[in-house]
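K.L.:
Dock chains F, D and U against the given chain Z, drawing on the hints supplied.
Chains Z, F, D and U are the protein sequences, given in the same order. Going by the numbering used here, the first sequence opens with residue 81, and the numbers climb by one from there. Going by the numbering used here, the second sequence opens with residue 81, and the numbers climb by one from there. Going by the numbering used here, the third sequence opens with residue 81, and the numbers climb by one from there. Going by the numbering used here, the fourth sequence opens with residue 81, and the numbers climb by one from there.
For the record, the hints were derived by calculation from the structure and aren't laboratory data. The beta carbon of each residue, even a glycine, is placed where N, CA and C say it ideally should be. Wrong hints could be hidden among the right ones.
[As the list claims (entries may be wrong)] 20 Å max Cα-Cα, derived EDC-like pairs, lysine to aspartate or glutamate:
#  : chain 1 : residue 1 : chain 2 : residue 2
1  : D       : Lys220    : D       : Asp136
2  : Z       : Lys220    : Z       : Glu164
3  : Z       : Lys262    : Z       : Asp141
4  : D       : Lys161    : D       : Asp186
5  : Z       : Lys340    : U       : Glu110
6  : D       : Lys340    : F       : Asp136
7  : U       : Lys340    : Z       : Asp186
8  : U       : Lys161    : U       : Glu197
9  : U       : Lys220    : U       : Glu168
10 : U       : Lys220    : U       : Glu110
11 : F       : Lys340    : D       : Asp136
12 : Z       : Lys161    : Z       : Asp186
[Unchecked claim] Which stretches of chain Z does chain U cover? Using the computed rule of at least three CB atoms under 8 Å from a CB of chain U, they are:
#  : stretch
13 : 92-105
14 : 275-286
15 : 355-369
There are 4 protein chains.
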Amino acid sequence: MHVVRIAVAGASGYAGGELLRLLLVHPDVEIGALTAGGSAGTPLAQHQPHLLPLADRILSDTNAETLAGHDVVFLALPHGKSAELAAELGPDTVVIDCGADHRLTDADAWTRWYGGEYAGSWPYGLPELPGARDALRGTKRVAVPGCYPTAISLALFPALAAGLAEPDVVITAVTGTSGAGKSLKPHLLGAEVMGSLSAYGVGGVHRHTPEIAQNLSVAAGTPVTVSFTPVLAPLPRGILASCSAPLIGDGAAARETYAKAYADEPFVHLLPEGVWPTTAATLGSNTVHLQVTVDPDARRLIAVAAIDNLTKGTAGGAVQCMNLALGLPETVGLPFTGVAP
Amino acid sequence: MHVVRIAVAGASGYAGGELLRLLLVHPDVEIGALTAGGSAGTPLAQHQPHLLPLADRILSDTNAETLAGHDVVFLALPHGKSAELAAELGPDTVVIDCGADHRLTDADAWTRWYGGEYAGSWPYGLPELPGARDALRGTKRVAVPGCYPTAISLALFPALAAGLAEPDVVITAVTGTSGAGKSLKPHLLGAEVMGSLSAYGVGGVHRHTPEIAQNLSVAAGTPVTVSFTPVLAPLPRGILASCSAPLIGDGAAARETYAKAYADEPFVHLLPEGVWPTTAATLGSNTVHLQVTVDPDARRLIAVAAIDNLTKGTAGGAVQCMNLALGLPETVGLPFTGVAP
Amino acid sequence: MHVVRIAVAGASGYAGGELLRLLLVHPDVEIGALTAGGSAGTPLAQHQPHLLPLADRILSDTNAETLAGHDVVFLALPHGKSAELAAELGPDTVVIDCGADHRLTDADAWTRWYGGEYAGSWPYGLPELPGARDALRGTKRVAVPGCYPTAISLALFPALAAGLAEPDVVITAVTGTSGAGKSLKPHLLGAEVMGSLSAYGVGGVHRHTPEIAQNLSVAAGTPVTVSFTPVLAPLPRGILASCSAPLIGDGAAARETYAKAYADEPFVHLLPEGVWPTTAATLGSNTVHLQVTVDPDARRLIAVAAIDNLTKGTAGGAVQCMNLALGLPETVGLPFTGVAP
Amino acid sequence: MHVVRIAVAGASGYAGGELLRLLLVHPDVEIGALTAGGSAGTPLAQHQPHLLPLADRILSDTNAETLAGHDVVFLALPHGKSAELAAELGPDTVVIDCGADHRLTDADAWTRWYGGEYAGSWPYGLPELPGARDALRGTKRVAVPGCYPTAISLALFPALAAGLAEPDVVITAVTGTSGAGKSLKPHLLGAEVMGSLSAYGVGGVHRHTPEIAQNLSVAAGTPVTVSFTPVLAPLPRGILASCSAPLIGDGAAARETYAKAYADEPFVHLLPEGVWPTTAATLGSNTVHLQVTVDPDARRLIAVAAIDNLTKGTAGGAVQCMNLALGLPETVGLPFTGVAP
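One chain only, chain Z, in its complex shape (with noise of 0.2 Å):
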């Protein structure tokens, strides 16, 4: 294969900076424009001081001109901003948008839960849901998934889909603070995070709870009602999301069901029975661990996923959404180990 020239708009934020990390080792990438808004003139090292390779690189201004010809291009933009900027962009083009202007499914969902007008939906780009990754083969359009819906779809769908529980969920998803990305609020200091813990969101009007909707009905099908409650906690990467629902049946084929939907996935690991997942093993990684159980009293099924809300969250799914988009191994250049301790 010719070497695949990529773009990065967004380069100085942090999934612009977890897309490059991974891009930097990708065997068959050639590292093209990098862009940005308002740091647009500045050395990439100003922005990504662990991206040593790429210190030198000045971002140019996030715009179709400083974007074209090349053969991929990343969108790591803010909720809103792509879908004006991709239409620009040339159909022969695969445009990949970690923002959520083309994930909901459904007009009247986004116009509720974004505001504004309605860009349609592109392939979901979450290749282990059922019937993702054949959308994906091939497409020169993909909407990364948000970093909770990664999580909570993968602990809950094979479980919905298998007709073990009712589908009416309820998570409690906790995570570090790099999901808020860059953004200058007081209650994303340091001296803030450090040392506690807060619930945001609460009450269903985070705005990932359409697109887990969405998710778990198409698995379930039929729709599914979904409580989410979203935590902040005290480090940079990492969701673990606790996810249940009320069982049908006794639950006994809990986690055959899971492993056999997750046999062949090469970033989704079932954690041996009674090994519970911590963020820490998936940190910097493209891979999701997972387990499940029954809580025969509560008369619920418990799933809890871990996984880098950067990488497999992020940036980690846009390109293996990539490798998927251009026909390369799925796996090609996403690490399968975490940082730890």
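P.N.:
Relative to the frame of chain Z, chains F, D and U by itself:
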């Protein structure tokens, strides 16, 4: 009132240290014997370097003799170690057990969850629960609640007592690592916990589950089903409990119900609408920060509580009960403000 | 004594919050006006959710009018903002400046390090320095030291005053991130500081350098050369100062010298031989934990001090000075125990 | 080149885990025996859950038999355990000792600092030191440096070699807690280290002191006096070394000297002027981020280096040496980018 002479059994551990931190500034208390197991004979400073005024105190051996002659004896011992010792302390001594030995009212539940001989139950040390305060006034025996049950019971009982939610609750509670005590286990090492989130005791196997069910069932007047998932997060102290249950009706009365339930409670603070609790705001204080809302799509009532697991969750709650047992003002010597940031 | 009515200018920041945490439990104090800049008009709870008893207080605008009519005014303002405002406060008001405006006694040093007009110096609020306490008794003006100078001056002055070490000191001090205040800067974001250590202000360019030199030179009776490197570490509070200087003689008298220097100091605690300070033991307390030793191979005296930068390093020191200024017992209202673990 | 078959002794510890993380993606390596002490017989996943591809490997007992038949044997054992074992491994096997047994060239120094029998010294595994690389090419034995000596030697040797600074250095180095290994000691518990900074091994008693002195003395061509204070900080990985020495001359040549010293070094990165290192930028990478400056007032040269103690500080350095020993390209299989934020 004359000076109250107190002793702490288990003074080298986290609960013991927190008891002493609070009792050192309690105006009516004089600190007597400090005892330990393997650390007997060593100075307290070696275990609690933050407790300067007691730095040179030598730890005695934990036994009925060293604990005799005090008005109040706090037992901060591993589960299962309190009952026998308490039986040797005189009936006129106020004995406050921070362990689990006397928390459960059901002998079968005790046997199932803890094994060993059931020691009977004592007045339950969560004064904010309906009826609990009266049982604590003048008592000679107090069973201090577990840290999780403290946060969770206060988050949920008003809704269940008022019939706003079904008796079928789902809880994910995130905790700092001091909750596990000063145990030398690999998964509690700093290098393991920093930068990681992990679930444990999933599927209804955590020993706090029956205690939560007991409290909530009394409040609801009917057996309550409890699904409880604890999560370990990288901070020393703090519990954030994310709790929910299916709505009965539309939940319009939720906020008013909680406001009324806690109107006269000095330590429980219902936050302004739209503000969610952070554990940092409760650090080192005896307060509970609480919020409640309704998710109309998921048709669930959701309540989130934050406490310091060592203060309100253990030692602060214990001192609050001591005040009640001795007929002192309930809040004396207890901090209302957290140490933040 | 009548109740002391106090005001805090800058009540929305970290120093202001810590002042209020301490003053809320000070037995002789009534809390009056709380003022802010851009946050004027908002309730304190929005900025200091841990200060429950003041949750509903509305912040006034910071100006001489709102601050008038108090016995004591604390200024917790950005550097350079105190001098003008202080000049408008009556000469009978005790004004305690937590900023840098009145710390340096040398006008040229002021101009070099801070620029702008020199406002003169006030009695220096570190009572443990030789001579300082007398100047603070009954004063109407106090310049509260910087957090680094507090830790470092106390770590080194006994050795310099006793001629045990050359007046040529090398210091690396590690700090939590609250020392930088509630500034919205990218490098202070939680995701940036957690899991990272970074040096800053290296090479003698940190503004606390001349203040350290001033204190140590007075103690030594000769100009002291100061090499100071601050390091930012992932914790909210705490300074650990590692300080050394070339030995004069064999240093055999070091421990005795320090023990004597601090024998009567209520807040400075020389640890037992071989025990080294931890900042956690000082969290939220007004104490200094200190150790000194001699390295015979390197021929240096080494002293290490731990403080809480917001308590003894700022607000606690300020309250200690208020006590002296008002003729109250010096330690009243100030915590001797840290919040640990 | 044929595939290199490697074994790791001590695969359950932190150094062993990091070796495996790196070797798993090394293109020329096949992972053979993994051995342990007390953990022999258990699967690797129990100790290193982040190393998915090796999850099911069962740990063998650490002895010469299980380690036989490999091209390269890495010893990641407690100090004092390597020498005897290494003597039993064939002379054709490349033995890379991550412990201290063969680091010191001076037998008396060995006896003073480590006690026990001196095992002799091996080629020192810090290729960036003058002369070191040549000794490593084709060698069958490598003594991997300590993590502190790696950071500190690289921070200071160019200045000493060039005669820019006196041979009398003062170092305070801050470290994450993985440097202490997976030891079950109370002060390493998460609840103790989070939120705390602590000094240890102060006064020249840390065992890395003679190794630092050895390296710097060779570079300076004269004995170098070393004052070394290590500080423990709340992060899993990372060392930030703050190093200084009295200036000779005006230090004008400092930057140029460092730039020249490291111009051809692939892993050592002198940051742009005015930019100071952060450990996060090196997390999981084999890089050293470095800055040097001059303090004209204090007349000292100051250099600060950041590394990941487990990567460049241990396992990455070890793999770099393996590459040299085997005649492979020095950088193959080693990461140049950190995992940040």
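K.L.:
Look at each hint and say if it fits the structure.
P.N.:
Quick rundown of the hints versus the structure:
1. D:Lys220 to D:Asp136: violated (31 Å)
2. Z:Lys220 to Z:Glu164: At roughly 16 Å apart (the allowed maximum being 20 Å), Glu164 (chain Z) and Lys220 (chain Z) satisfy the hint.
3. Z:Lys262 to Z:Asp141: At roughly 18 Å apart (the allowed maximum being 20 Å), Asp141 (chain Z) and Lys262 (chain Z) satisfy the hint.
4. D:Lys161 to D:Asp186: Distance of about 19 Å is within 20 Å: holds.
5. Z:Lys340 to U:Glu110: With a Cα-Cα distance of about 30 Å, the restraint between Lys340 (chain Z) and Glu110 (chain U) is violated, given a limit of 20 Å.
6. D:Lys340 to F:Asp136: Distance of about 19 Å is within 20 Å: holds.
7. U:Lys340 to Z:Asp186: violated (60 Å)
8. U:Lys161 to U:Glu197: The given pair, whose Cα atoms are some 11 Å apart, holds under the 20 Å limit.
9. U:Lys220 to U:Glu168: holds (14 Å)
10. U:Lys220 to U:Glu110: Satisfied, since the Cα-Cα distance of roughly 18 Å is no more than 20 Å.
11. F:Lys340 to D:Asp136: Distance of about 19 Å is within 20 Å: holds.
12. Z:Lys161 to Z:Asp186: holds (19 Å)
13. 92-105: n = 5 at 8 Å, threshold three: holds.
14. 275-286: Coverage by chain U is violated here, the residue count being 1 at a Cβ distance below 8 Å.
15. 355-369: holds (count 10)
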